[in-house]
Every structure is written in C-alpha cells, then in structure tokens.
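For this one, chain U is given, so just place chain V on it according to the hints.
The residues making up each chain are set out below.
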Amino acid sequence: AQTVTQSQPEMSVQEAETVTLSCTYDTSESDYYLFWYKQPPSRQMILVIRQEAYKQQNATENRFSVNFQKAAKSFSLKISDSQLGDAAMYFCAYTQGAQKLVFGQGTRLTINP
Amino acid sequence: DVKVTQSSRYLVKRTGEKVFLECVQDMDHENMFWYRQDPGLGLRLIYFSYDVKMKEKGDIPEGYSVSREKKERFSLILESASTNQTSMYLCASSLYNSYEQYFGPGTRLTVT
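Chains U and V, in that order, give the protein sequences.
Quick note: the first sequence, position 1, residue 1 per our numbering, numbers continuous.
Quick note: the second sequence, position 52, residue 165 per our numbering, numbers continuous.
Chain U on its own, in the form it takes in the complex:
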C-alpha cells in the first residue's frame, strides 16, 4: 500500500524568509501524481501545487515550488518570501488513480512577524 510521510509536525519561519516542508512517499508505481494541500485555520482545504511523476521539471506556482526527487521518493515544498497568510496546515498527498488520495500526517506552519 502506498504511504506518505511528513516527518515535521511543526515548522516556523520568519516573515519574508524561505521555508521547506518535507514529504516522502512509498510506492511501486511509476505513474502517479503528488500534491501539496493547504488548510488555513478556517479549515477549507485548497490545492497549492501538483506534480506529475512523469515530468522531470519541478512544478512552480508563484512563491511555491517543489523539489521532486523520484528515485528518492521525496517531494518537498518550498515557500519563498513567506507571508502571514501562508500560516496553515500543509498536507502532502499522493494518488495513482483519480479516485483516491493518500495523505501525509500534516505539517503546521507558523509565520513569525
């Protein structure tokens, strides 16, 4: 069974600095998708970024980028120029089919002003 592990329960960063959240996963499949979801204190989960496993180029969305290391089964999220609105729970997720996401345990990110 596929598993996703986030080893950092909590992280904090100074406003305007850069922070990296870690995620590793375990799968025997070669085609799959990886995601980072953000859950702000209001609790509506939103998609931050996604990566297709067949693409070598790392995905980027504005201040958010990933470091996808397929051989190492690692998928970290880098947030540049951190803002107060980035404070949230961040979940790494995996899917091989379109019907089921497997989530990591989550990392709570605090932004210090």
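A hint or two may mislead.
Over the 12 angstroms line for every Cβ pair with chain U, so calculated as not near, a few chain V residues [claimed, not checked]: (1) V132; (2) E182; (3) S195; (4) V224.
Pairs of lysine-lysine, BS3-like flavour, derived with a Cα cap of 27 angstroms [what the hints assert, rightly or not]: (5) V:K183 to V:K168; (6) U:K100 to U:K70; (7) V:K184 to V:K170; (8) V:K166 to V:K183; (9) V:K184 to U:K100; (10) V:K168 to V:K116; (11) U:K100 to U:K78; (12) U:K55 to U:K100; (13) U:K100 to V:K166; (14) U:K73 to U:K100; (15) U:K100 to V:K168; (16) V:K170 to V:K131; (17) U:K100 to V:K183; (18) U:K100 to V:K116; (19) U:K100 to V:K170.
Now the in silico label distances, taken between C-beta atoms and shown as ranges [what the hints assert, rightly or not]: (20) V:D141 to U:S80: 29 to 39 angstroms; (21) U:T110 to V:K116: 23 to 33 angstroms; (22) V:L154 to U:L84: 23 to 33 angstroms; (23) V:E130 to U:D81: 40 to 50 angstroms; (24) U:S30 to V:F133: 38 to 48 angstroms; (25) V:Y123 to U:T110: 23 to 33 angstroms; (26) V:K126 to U:K73: 36 to 46 angstroms; (27) U:T110 to V:D141: 36 to 46 angstroms; (28) U:D81 to V:N197: 38 to 48 angstroms; (29) V:D164 to U:T18: 40 to 50 angstroms; (30) V:K116 to U:P41: 12 to 22 angstroms; (31) U:E29 to V:D141: 25 to 35 angstroms.
Worth flagging that the hints you see were computed from the coordinates, not collected in a lab.
No residue lacks a Cβ here, since even glycine has one placed at the ideal position from N, Cα and C.
Okay, now just chain V, sitting in the frame of chain U:
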C-alpha cells in the same frame, strides 16, 4: 468556482445516536469523498462514490455507511455513534477523470 458545502460546522451527539453528515457540491462532479481528519494521522478516506448510487469503501469504513441518491449530494451516516468517532469530517468532490479534489469546510463532530 467550485463550491462544496457541508451541513454543519460543529455537531455534538450522544453515544448510540444515528448521525447524518451531509455534503453538497454544485459543479456536477462525478466523484465524491468522505475523509476523517485526526491530529498526527492526516486525512483518511472513509468512503467514496463515483456515480449516483455507487459507493466504494476507503481505508476506514468500519462504523460508517454512505448514501448517494443524487449526483450533487453525498451523505455520511454513523449508524450508532461512538466516542472514537469524534473527529473532523471533510467532504470532497472531483470530476470523473481529474486528480484534483475540492474540499468542503469540514464538520467537527463530538460524540459524548
């Protein structure tokens, strides 16, 4: 914008009660999902449905059932609530062939 709504933000029920959690999406999505979220465990899939009247068990279906009589509505049922079902419940939906899921705001259920 896709909108997924859940009937309650907070709910308190007694042990043994039958509990209904309702989820409605307005984007004609085929797939709908129920997750529970617990600290340190992330989100775990309870049930999902890829069509009206169709359902599939997720990773933790025990103690739960679901109903999908209309495409836009997916209900999670706790037949006899127990204290270990105290949790945050999240509903999500997606298009049939899409990997992107859209989430509702969640229902925090407390069973006393």
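Going down the list of hints, with the structure as the test:
no. : hint                                 : verdict
1   : V132                                 : holds (19 angstroms)
2   : E182                                 : holds (20 angstroms)
3   : S195                                 : holds (23 angstroms)
4   : V224                                 : holds (19 angstroms)
5   : V:K183 to V:K168                     : holds (13 angstroms)
6   : U:K100 to U:K70                      : holds (20 angstroms)
7   : V:K184 to V:K170                     : holds (18 angstroms)
8   : V:K166 to V:K183                     : holds (8 angstroms)
9   : V:K184 to U:K100                     : holds (18 angstroms)
10  : V:K168 to V:K116                     : holds (22 angstroms)
11  : U:K100 to U:K78                      : holds (25 angstroms)
12  : U:K55 to U:K100                      : holds (21 angstroms)
13  : U:K100 to V:K166                     : holds (18 angstroms)
14  : U:K73 to U:K100                      : holds (19 angstroms)
15  : U:K100 to V:K168                     : holds (13 angstroms)
16  : V:K170 to V:K131                     : holds (20 angstroms)
17  : U:K100 to V:K183                     : holds (21 angstroms)
18  : U:K100 to V:K116                     : holds (20 angstroms)
19  : U:K100 to V:K170                     : holds (11 angstroms)
20  : V:D141 to U:S80: 29 to 39 angstroms  : holds (36 angstroms)
21  : U:T110 to V:K116: 23 to 33 angstroms : holds (29 angstroms)
22  : V:L154 to U:L84: 23 to 33 angstroms  : holds (28 angstroms)
23  : V:E130 to U:D81: 40 to 50 angstroms  : holds (48 angstroms)
24  : U:S30 to V:F133: 38 to 48 angstroms  : holds (41 angstroms)
25  : V:Y123 to U:T110: 23 to 33 angstroms : holds (25 angstroms)
26  : V:K126 to U:K73: 36 to 46 angstroms  : holds (41 angstroms)
27  : U:T110 to V:D141: 36 to 46 angstroms : holds (38 angstroms)
28  : U:D81 to V:N197: 38 to 48 angstroms  : holds (42 angstroms)
29  : V:D164 to U:T18: 40 to 50 angstroms  : holds (44 angstroms)
30  : V:K116 to U:P41: 12 to 22 angstroms  : holds (20 angstroms)
31  : U:E29 to V:D141: 25 to 35 angstroms  : holds (30 angstroms)
Going down the numbered hints, you'll see the structure goes against none, and every one checks out.
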